[in-house]
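Could you put together the complete structure from these sequences and hints?
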Amino acid sequence: MKKKLIALIMAGVMAVGLTACGGSAATSTDAAADSGAADDAADTADAADTSAADTGDGIRLLNGKPEIDNQLQDLAKKYKEETGANVTVETIGGDTSASDELKKMYQADNMPDIFVIEANQADTWDGMLVDFTGEAWTDDTDYELTHDTMGVIGFPYTVEATALAYNGDVLEKAGVDPASLTSPAAWKEAVEKIDSQKADLGLTAVFGWCAEPANLGWSSGTHVFGQYLDAGLKQDDKTYIDLLNDGGQIDEARMKDFAEFVGMMNDYSDPDLLVDGTYDNQVKGFAEGKYAFVTQGNWINGTVTSNENYSGFSMGFAPYAFEDGIDTIIAGPPSYWVAYSDGNVDAAKAFLQWVSDDSAQDILVNDAGLISPFSDCKFDAADPFYTSIKSYMDSGKTSGWHTMLKKDGLQNETCQVFADYAQGKLDADGFVSTIGQVIKTYYAEN
Amino acid sequence: MSDFSMSRKLASFVCLIGGAALLIISLIMDASKSGVTYRGAFLVIGIIGMLVGLFIFPTLKYHRTLMNIVFLFPLLFAFLVTVSIPLILGIRYSFTNWDGIRFTKEVGFDNYIKMFQQPSFIWSILITFLFVVVNMIMVNVVAFLLALLCTSKIKGLGFFRASYFLPNLIGGIVLGYIWQFIFANVVTKLTTAISGNRYSMLAETSTAFVAIIIVYVWQYAGYIMLIYITGLNTVPGDVLEAAAIDGTTPIQTLFQIKIPMIAPTITICTFLTLTSAFKQFDVNLALTNGTGSVADFMGAYLTNGTEMLALNIYNTAVIKDNYALGEAKAVLFFIILAAVSILQVRISNSKEVEL
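Residue numbers (this note's numbering), protein chains in the order written: chain A, 565 to 1010; chain B, 2 to 356.
Treat the hints as calculated values from the structure; they're not laboratory data. These figures come from a predicted structure and were not determined experimentally. All C-beta atoms in this analysis are idealised placements derived from N, C-alpha and C, irrespective of residue type, glycine included. Treat the hints with care, as some may be off.
Computed beta-carbon distance windows for the label pairs [as the list claims (entries may be wrong)]:
no. : chain 1 : residue 1 : chain 2 : residue 2 : range
1   : A       : G988      : B       : V82       : 47 to 55 angstroms
2   : B       : S196      : A       : S878      : 36 to 44 angstroms
3   : A       : K642      : B       : F160      : 53 to 61 angstroms
What follows is the structure, encoded as structure tokens:
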């Protein structure tokens, strides 16, 4: 009898344990389901034709830019103040991990209402994204993402620019006008001129260009490679990206010119940075005035201006003029916010409309340092690159971020070719033929 | 068995039926995608109700079985959810064009054929085998020498043991980044002075591969050393003493007595290093991320010179967004590892019989 009693007690303990586990599981699904339940409630509310905002339902936003997490939390707070609706911001760092995380969320039936995608990921979500056609904000911007079958799906939350970022003070002292850098010959002359005065200007090298593949593959493989695809083209000109996505073809003549230009960057770059450098050292070197040019975009502004040795020099962008007459920089949204069609669509639409308006733009532009993609935005970005970017935007000399449309993961292959070229294992012709083969194989295999 | 009261029978049936009803309701709610939050509670209470009903069912015959099931359940459930189901789903997905979200068609063995047509994948398999063989030898030799050192009568034994074991306590990712810094700065200064090549070891495929081996041996030798120390300590003192009286040299003692006596330990350590080297991922990811060029392999220029099997699978699925192909590669990986494990069990069993 005693044994039975003990067995019963044990079973009781187990059962309590199970309920406890069950309980905690229930609460965690609760928290997660909270928004789910809110969605459902919102759906019913919609059915009853009441606005979602009135019911105070929450939406979830998955952000892929860790550096603006705080500002987005402020944004959510402000939205709550103004409309009473809840927005929960979840942040995931890095570009690829966000898309991977989203797939897990999808499998777990735990999708956020608004999430971040890059342009080439749109097909993955075919049929699951909300068409924003007719939303008021679409009239105020040229940068929305449009998909063949789903319509207007991407909300641009920022404009980023990339080209050769220059140190204005150094160029002025060296007597080089960045506006004149629109041909390979002009570049060569300018680079030689700066190189000869390196000691006077306090420079380590003309270029802070880093082709290290393991950690900086995104820089060479996506951004610098993007110049081959877009430099000199109009914002919506997709000539070379279409060629690339058609089985991985390249225009060899253009690639050759590009290779020559990259070769010049290799020759005049800081050799310690070129093959083994890091992003931190690259940006730090630029901030400390050691490099006249750096191969990054305006996202480095915060790191540069907060460096203790930053002298306050002016900054701007010069085009990768690897062919005569190239005078554009790449500018546009590198990623977009999209809304999940099974989520709380109306609340998501309302929120995005609000984000495109003044009180939200105030936070995004002035606090987060983003450049607004909206033409009716009345704030000038605090970004030190803003004047330069604005002048390109105003004169229509911006090219698209079509590099984001290349096949996912290609940058991890091409970056190795850049690295070999930088190490001197390949010459310009070798670069062209090797990168051509690598791209072709990649498109054939994946 | 008439001593069971009517009320107990009744309670048993009520619990059983009530439990079953709750279970079914919760499953229906799940199937119909109802957002009711008490669904989970229904499920748990239903299962408990059924168990209680079974327990007080008017017979004691199955009590032991029932108890066994209840106590095994957490483990079995966890195993099922984290191992069995994903394995079956993974094999299933490898025959489709799954992209991590959904699949639209069955492709048969296409993924399996495709992976063997990729020179980069063949390369990954080859260097993984090379890595395994080199490491199996290196780790064991280094660990054995360290173990000899740590069982000798030198001063500061505790310090040496602790410091050799310490690297094993640092996670592979952290270790990878630390060593990346070391290779890119300190080591580069040395190699530049020696060879005149100003780039780091990580910039060249062959030297980067050596770098991974160095880090891995550094990380893993301390762990294997501990097992060897235990093995060496089990060598009976009287045997050693007898040998000493017979006038053996230390070398003779080592090769004729110590090593034969710890043969089972050597088997265990060999297989431990074998399986863990096969699964090498974190140091590989953090240190080189698989980069490194191979100028000409099977007629192709490869960009994944140091990418080992596990990392290749990860990159195929997650980075290149080709989940189905990644699954197919993972199935092959599973088969290789399963074969190694079975071999290991066989050999250790036969060794045990021998001794």
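Which constraints among the numbered hints does this structure fail? Numbers only, ascending. none
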